[in-house]
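Asks: Top line first, the protein sequences correspond to chains A and B.
Just so we're aligned, residue 5 is where the first sequence starts under the numbering used here, counting upward by one.
Just so we're aligned, residue 25 is where the second sequence starts under the numbering used here, counting upward by one.
Please note that the accuracy of each hint is not assured.
Here are some of the chain B residues that sit facing chain A, going by a computed Cβ distance under 7 Å [claimed, not checked]:
1. Arg60
2. Phe275
3. Leu288
4. His307
5. Ala314
6. Asn318
7. Val319
8. Gly346
Simulated coverage check for chain A against chain B, where a stretch passes if three residues somewhere in it have a Cβ under 8 Å from a Cβ of chain B [stated by the list, open to error]:
9. 141-151
10. 279-286
11. 417-423
I should point out that these hints are in silico values taken from the structure, not numbers from a laboratory.
None of these values were measured; they are calculated from a predicted model.
Note that beta-carbon positions come from the ideal geometry of N, C-alpha and C, so glycine has one too.
One letter stands for each residue in the lines below.
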Amino acid sequence: MSTTQRAVATTTTWIDDRIGAGKWLKKNLRKVFPDHWSFMLGEIALYSFILLLLTGVYLTLFYNPSMKEVVYNGSYAPLNGIKMTQAYESTLRVSFDVRGGLLVRQVHHWAALLFVAAVSVHMLRVFFTGAFRKPRELNWVIGVGLMTLAILEGFAGYSLPDDLLSGTGLRIAQGIVLAIPLVGSYVSSFLFGGEFPGTDFIPRLYSIHILLIPGILLGMLTAHLLLVWYQKHTQFPGPGRTNTNVVGYPLLPVYVAKAGGFFFIVSGIITLISAMFSINPIWQYGPYTPDQVSAGSQPDWYIGWLDGAVRVIPNWETVLWGHNISWNILLPALIIPGIMFTLLALYPWVEAKATGDKREHHLLDRPRNAPTRTGLGVMAITFYVLMWISGGNDIIAQAFSWSINSITWTIRVLLIVLPPLVFVITRRACMGLQRRDRDKLLHGRETGIIKRMPSGEYLEVHAPVSSATRAKLVASRESDYAPIEAPPAVDANGVKAPKKRRSGVKLSNFYFANRVIPPTDEEIEEGQHHAAGDLETVRPSGQITSGH
Amino acid sequence: MSNDSSSEIEVAGAHEIEHALRRTDIDPRAAKRAERQVAIMFGGSVLASILFVVAFVSVKSTAVVNLPLIGLIGLQNLTLGLASGLGLFLIGAGATHWARKLMSDEEIVDERKSFASDDETRGAVVESFQTGVEESGVMKRPLIRRTLLAALALMPIPAIVLLRDLGPLPETKSRETLWRKGSRIVTDISYRPIKPEDIPLGGLVAGALPADLLKVEEEEGNLNQRAKAAIILVRMAPDEIRSQQIQDGDFQGILAFSKICTHLGCPIALYEQRTKHLLCPCHQSTFDLADDGNVIFGPSARRLPQLAIEVDKEGYLVAKEGFQEPVGPSFWERG
Numbered sequence: 005m006s007t008t009q010r011a012v013a014t015t016t017t018w019i020d021d022r023i024g025a026g027k028w029l030k031k032n033l034r035k036v037f038p039d040h041w042s043f044m045l046g047e048i049a050l051y052s053f054i055l056l057l058l059t060g061v062y063l064t065l066f067y068n069p070s071m072k073e074v075v076y077n078g079s080y081a082p083l084n085g086i087k088m089t090q091a092y093e094s095t096l097r098v099s100f101d102v103r104g105g106l107l108v109r110q111v112h113h114w115a116a117l118l119f120v121a122a123v124s125v126h127m128l129r130v131f132f133t134g135a136f137r138k139p140r141e142l143n144w145v146i147g148v149g150l151m152t153l154a155i156l157e158g159f160a161g162y163s164l165p166d167d168l169l170s171g172t173g174l175r176i177a178q179g180i181v182l183a184i185p186l187v188g189s190y191v192s193s194f195l196f197g198g199e200f201p202g203t204d205f206i207p208r209l210y211s212i213h214i215l216l217i218p219g220i221l222l223g224m225l226t227a228h229l230l231l232v233w234y235q236k237h238t239q240f241p242g243p244g245r246t247n248t249n250v251v252g253y254p255l256l257p258v259y260v261a262k263a264g265g266f267f268f269i270v271s272g273i274i275t276l277i278s279a280m281f282s283i284n285p286i287w288q289y290g291p292y293t294p295d296q297v298s299a300g301s302q303p304d305w306y307i308g309w310l311d312g313a314v315r316v317i318p319n320w321e322t323v324l325w326g327h328n329i330s331w332n333i334l335l336p337a338l339i340i341p342g343i344m345f346t347l348l349a350l351y352p353w354v355e356a357k358a359t360g361d362k363r364e365h366h367l368l369d370r371p372r373n374a375p376t377r378t379g380l381g382v383m384a385i386t387f388y389v390l391m392w393i394s395g396g397n398d399i400i401a402q403a404f405s406w407s408i409n410s411i412t413w414t415i416r417v418l419l420i421v422l423p424p425l426v427f428v429i430t431r432r433a434c435m436g437l438q439r440r441d442r443d444k445l446l447h448g449r450e451t452g453i454i455k456r457m458p459s460g461e462y463l464e465v466h467a468p469v470s471s472a473t474r475a476k477l478v479a480s481r482e483s484d485y486a487p488i489e490a491p492p493a494v495d496a497n498g499v500k501a502p503k504k505r506r507s508g509v510k511l512s513n514f515y516f517a518n519r520v521i522p523p524t525d526e527e528i529e530e531g532q533h534h535a536a537g538d539l540e541t542v543r544p545s546g547q548i549t550s551g552h
Numbered sequence: 025m026s027n028d029s030s031s032e033i034e035v036a037g038a039h040e041i042e043h044a045l046r047r048t049d050i051d052p053r054a055a056k057r058a059e060r061q062v063a064i065m066f067g068g069s070v071l072a073s074i075l076f077v078v079a080f081v082s083v084k085s086t087a088v089v090n091l092p093l094i095g096l097i098g099l100q101n102l103t104l105g106l107a108s109g110l111g112l113f114l115i116g117a118g119a120t121h122w123a124r125k126l127m128s129d130e131e132i133v134d135e136r137k138s139f140a141s142d143d144e145t146r147g148a149v150v151e152s153f154q155t156g157v158e159e160s161g162v163m164k165r166p167l168i169r170r171t172l173l174a175a176l177a178l179m180p181i182p183a184i185v186l187l188r189d190l191g192p193l194p195e196t197k198s199r200e201t202l203w204r205k206g207s208r209i210v211t212d213i214s215y216r217p218i219k220p221e222d223i224p225l226g227g228l229v230a231g232a233l234p235a236d237l238l239k240v241e242e243e244e245g246n247l248n249q250r251a252k253a254a255i256i257l258v259r260m261a262p263d264e265i266r267s268q269q270i271q272d273g274d275f276q277g278i279l280a281f282s283k284i285c286t287h288l289g290c291p292i293a294l295y296e297q298r299t300k301h302l303l304c305p306c307h308q309s310t311f312d313l314a315d316d317g318n319v320i321f322g323p324s325a326r327r328l329p330q331l332a333i334e335v336d337k338e339g340y341l342v343a344k345e346g347f348q349e350p351v352g353p354s355f356w357e358r359g
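The following block holds chain A by itself, in its conformation from the complex (with noise of 0.2 Å):
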């Protein structure tokens, strides 16, 4: 025994002697996880939470959540003499006054960035590839509550500096509650402790930007984690990959390796970021005054579609009875991100009432596979993009020249047209690329070898598949569901078909009345005979057979 086994075998003794972590440390030192590069987009999401944890530490030494007004005098020459809160003078004084301070409040924001485009990113591939059938549900609900966490998050500390741009988002978040009917000028003035900006609101959104939503993003991305860990995670169709099993490399010494190293360069390229390039320059924007303003006012990028929402809507409001009711507030900011994100946490649930399907499903699925919720996944992207290009209309109607009120009318009539005419086109071209597959696995791949018959016809010579595309392109099988038919509308003892089973039927056929069926394996051997019979027709020493 070397030096090396003695000291992990007394290590783990002594671990395993009290909490008998040996059986488990057995089964998963060399657990196996499956390798793709879209697998790294939660590994980003996971490595920015962690280095916002620990930037966000460090500004906290610092930070002054005070609403307090002093002068500023320090190292900020033009602002000397103004002024501000000292949440704004603090933020002032890691910048400039604290050696490698605006460093980490940089690395801080642009974290916070990556943060939530990772979170996106990875949401669309966990949608697109179907990664949150069962038995995963659960794990999505999670994602989804981490998500909408994340964007809450990124603004309570985007508002944290009480610069000039911060307390204008902060001014419009508290006129989205005041819309709230009944008791929107309540929670207002509970929030701020009065009226708007009062002195409160920086003191106590600080503790929830780093004690409450954190501890709670904590604790969900922990069981998000653990239900990876113990699920065992997906991987994509392939030669040896079954529904059953997982193949990969193990975590020591690979994914100790990749994984472990991919924080440090995720890490490291943040800090290389945010040495080179300014985000979030507060100094240049001013302490906050409620009655100052700059034009082309922009939020974080992930607030941009929740702005541009509120800018597209029509200025619908009703007056009843003596009370308003602010449509123009109340659908852009509220109900209709409230719709979007139950829609989102449900999703499963909807899919699986369309397919009937109660199987585990393991093996990811290539998104041309599933067009219809492909084509609905793109969809709301387009909605999603949409909305975020109409919270930069003034930007766009100053770089381009362009009316304001065009931009409007031409987002809002997109909004409406866009998302069905792409979810359309989608549909259709994921179901082209599944019949060039089908066609594929039939005749075999194009060689693009002519071949002239004696007969003076030409052939166009097949070849047939690998091994490996043929293990890829008839995992579509899995993914491919007959529409339920549907019952009945009065059984044999006159009873009615309940309502539930009917709309599961149209929902059904809403996804797969049209659908390109995978060949059986019948279907391909006879096929990939032929294209094999082909090849042989251009083979010198081959005997010419009729092709087909």
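Chain A is fixed; fit chain B onto it per the hints.
Replies: Showing chain B alone in chain A's frame:
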């Protein structure tokens, strides 16, 4: 594929896992080279960490450097960031390179097992639960059950009531501003009173406040009054005013409007002199100041409230009366 709930599925055509040898598997020299590359990266990280300390003590916070494409940036932030960024990145790059080139890249297979327990276990769970419930007697003793439910239902009330003192009741504060009859109008930065002749025809005073605001802010220690009282002044030829909210609310074509957007409360400042339109920079609600301050575009549902003005004995602009309607965003009780 059928829609039934058969528990497991095998993928037809599952084939052997492919594995190709890497250069570093075959050529010891390539392996040695990869080893050196990894070591160089780790070594580079060591250097970067040292460089960080050097930059920390030697680079002045005021030093700037002009970089191509990026422009003028602080040298301290740049050097500290480059050093620590590289220090981190090189550890990651080295580890990844090591894993990709030198560690075994043969994929291994684990079997999955279904998460579902067998029927017996599930039955036992239901049974255990029922036994527990029966032993508690909760079903047999409705008095206990109902009082417990009532207790649990009311328990959150103290927690909610505790939140009551987060702030005062809103009362009618959002209907009141500092403006009174005779409040003198001052500019927002220099707090200088304004005479009508200070504003040329077509001119704009982008921010004005009541003269007593500073004193009130001093007393209250917050910016609450400023958030409601801010106004703008514009001057147009009296015959250009098509309509105004208050009869003779202008003074010789000078009109005063609330600066706080009736949509979500942003201060409005983008004025187009030719069209007399005022645009909110936040969500682009557009108001026509020559016509009642009405909304002509954008998400806002209500006109900008007008403040009637006149001049005092010394010839300075003052409010003729307070605002006649609440300023700022809508709220439930507004009416």
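Asks: Min Cβ distance, histidine 307 of chain B to chain A: is it shorter than 7 Å?
Replies: Nearest chain A Cβ about 5 Å off; hint holds.
Asks: Under the criterion of a CB-CB separation shorter than 7 Å, is phenylalanine 275 of chain B in contact with chain A as hinted?
Replies: violated (22 Å)
Asks: Examine the region 141-151 of chain A: at least three residues should have C-beta closer than 8 Å to a C-beta of chain B.
Replies: Violated - the region 141-151 of chain A has 0 residues with a Cβ nearer than 8 Å to chain B, which falls short of three.
Asks: Can the hint on asparagine 318 of chain B be confirmed by a CB-to-CB distance to chain A that is less than 7 Å?
Replies: violated (11 Å)
Asks: Verify the coverage statement for the region 417-423 of chain A against chain B, using a C-beta to C-beta distance below 8 Å and requiring 3 or more qualifying residues.
Replies: violated (count 0)
Asks: Verify the interface restraint on leucine 288 of chain B: the C-beta must sit less than 7 Å from at least one C-beta of chain A.
Replies: With a minimum Cβ separation of about 3 Å from chain A (threshold 7 Å), the hint on leucine 288 of chain B holds.
Asks: Is the interface hint satisfied for arginine 60 of chain B? The criterion is a beta-carbon contact with chain A at less than 7 Å.
Replies: violated (17 Å)
Asks: Does the closest beta carbon of chain A sit nearer than 7 Å to the beta carbon of valine 319 of chain B?
Replies: This interface hint holds because 6 Å falls under the 7 Å limit.
Asks: Check, residue by residue, whether the region 279-286 of chain A contains three or more positions whose beta-carbon lies closer than 8 Å to a beta-carbon of chain B, and give the verdict.
Replies: It holds: at least three residues are needed, and the region 279-286 of chain A offers 4 whose Cβ sits within less than 8 Å of chain B.
Asks: Using the nearest Cβ pair, does glycine 346 of chain B come within less than 7 Å of chain A?
Replies: Given a least distance of 17 Å, the restraint on glycine 346 of chain B is violated.
Asks: Next item in the hint list is alanine 314 of chain B. Is there a CB on chain A closer than 7 Å to its CB?
Replies: Result: violated, 18 Å to nearest chain A Cβ.
Violation of the numbered hints given earlier is confined to hints 1, 2, 5, 6, 8, 9 and 11; the remaining hints are satisfied by the structure.
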